[in-house]
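Chemist: Position chain B relative to chain A; hints supplied.
If you want the building blocks of each chain, they are given just below.
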Amino acid sequence: MGLIDTIRGKVVEVASRHADDVDRQARFPIETITALREAKALSAAVPRELGGLGCGMRELAGMCAALAGACGSSAMVLAMHHIQVACLARHGMSSPELREYLKDLVAHQYLLGSMTSEVGTQGDTRSSVCAVERTAGRFTLNKDATTASYCAYADAILVTCRREPQAAASDQVLVLVRREDCTLKQTTTWDTMGMRGTCSPGFRLESSGPEQHVLPGSFADSSAQTMVPYSHILWASLWWGIAADAVNKAGQFVRGEARKTPGTIPPGAARLAEASAQLQALRHNWLALAAEFDELAQGAEGLQTLHSMGWALKMNNLKVNASEGAPQVVHKALQIIGVLGFKNDSKFSVARQYRDTLSASLMISNDRIVGKSASMLLVFKDE
Amino acid sequence: MSSIPNARERGDSPGSHRIATLTRIRSVLQAHGKLGTDAMQLSENDDLYAAGMTSLASVNVMLALESEFGIEFPDQMLNRSMFISVAAIEAALRKAASA
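Chains A and B, in that order, are what the protein sequence lines are.
The first sequence begins at 1 in my numbering and counts up by one.
The second sequence begins at 1001 in my numbering and counts up by one.
Please note: incorrect hints may appear among the correct ones.
[Stated by the list, open to error] To give an idea of the chain A side of the interface with chain B (calculated C-beta under 8 Å), a few residues: (1) T125; (2) S127; (3) H307; (4) G310.
Simulated from the structure, these hints should not be mistaken for lab results.
Just so you know, even glycine gets a beta-carbon here, dropped at the ideal spot from N, CA and C.
Chain A with its partners taken away, still in its complex shape (with noise of 0.2 Å):
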């Protein structure tokens, strides 16, 4: 059996059990992670000689997608950490200590959190305000972060900062930190509308460790080639399976009125019929360009195309798309199910997955992304 059955089957069966449990009580979905690490879903994105499973984006997309209809919150959790380790499994391969480290991942299934925001940068992730400093074969690095993704659970956390002291605010590299190598201070609380079990916080970190965890080259790179990508398609993947969880349990009420009165088509079926229409339209966007980074990531040419307006343009579209349709395909939902679908209690309520699917447009607000699109239409013409 494969790693995506297990995940569709045992460890999506885990997450439903848990997930109300998480939403209301904004906790880490730890019974889902632990269900990952037994299924060794830690390490899918770990290329194969390191011990790993080397699955591509397509690949992880249908793992973040599978989880999302049980528990949001988890696959979130499960996509941040692909991204991390796809960092580190895409830009640390000529480090062998960082090999070393993946190795270890592998055997020990850590979990890898992220921390790229930081207080003072306004939410522009290709800007820091901190600084790592080497000297003697160490680094030190202290970060003042606004929303470190569940940190406090990570065995470690890749932190963006500036290359040195000296370099300027967009001159960044990433380090990873063990969590054996750093302090963290909780700032700020995670008491939110959604998303409420990858408790992500703010996080005062103060960190010291063997000068070769910083990665090498520049974020400039892995952000372009690995963390956008890896961000923006793992989380369209999540957010539609979220509103494809809702659109089932609509598609479950409107049979169950169906039955009721055989011979006439429920008031709902229509708007049932629209529901699957943008669902696939959503599904299809992310699949596509899943199998078109697959191609990019194999070749030196495709590492350039990453790196190129047209494809940074993709990126955005897909990201603002997807976040802004989710929760439209889930208020479908809604309006279909009706009052059973709006009460917590009721098996087809939609809540959750509502609420879920609003924090999509903010995690890196559309706002900005639609800001950079817009100026780089200024000089792509599309041709």
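Modeler: Then chain B, alone, in the frame of chain A:
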């Protein structure tokens, strides 16, 4: 039509024309690159992104270069490495002008 006259048309020595082009590039960077350093002091191969140019600022630089030199960059040239230094921009301008 290219607005970058070649050295023979202008009757300049090839060197002086090239210096003039580099100065015009540096002026564009000074006005639009949002660099942390003085663009006029940049060496030809200094990394502009390391000097603080953001991707957003680089779009404004591209626009200003299109206007300053009366050319249009084709889409396939619109990537990070094409605008990474003064020398890279000069090569891109030559390529766009001959396209």
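Chemist: With reference to the structure, classify each hint as holding or not holding.
Modeler: Consistency of the hints with the structure:
1. The beta carbon of A/T125 comes no nearer than 12 Å to any beta carbon in chain B, farther than 8 Å, and the hint placing it at the interface is violated.
2. Among the interface hints, the one on A/S127 holds; its C-beta lies about 7 Å from the nearest C-beta in chain B, closer than the 8 Å criterion.
3. Given hint, A/H307 at the interface with chain B, holds; its Cβ is 5 Å from that chain's nearest Cβ, closer than 8 Å.
4. Annotation: interface hint on A/G310 holds; nearest CB of chain B at approximately 6 Å, less than 8 Å.
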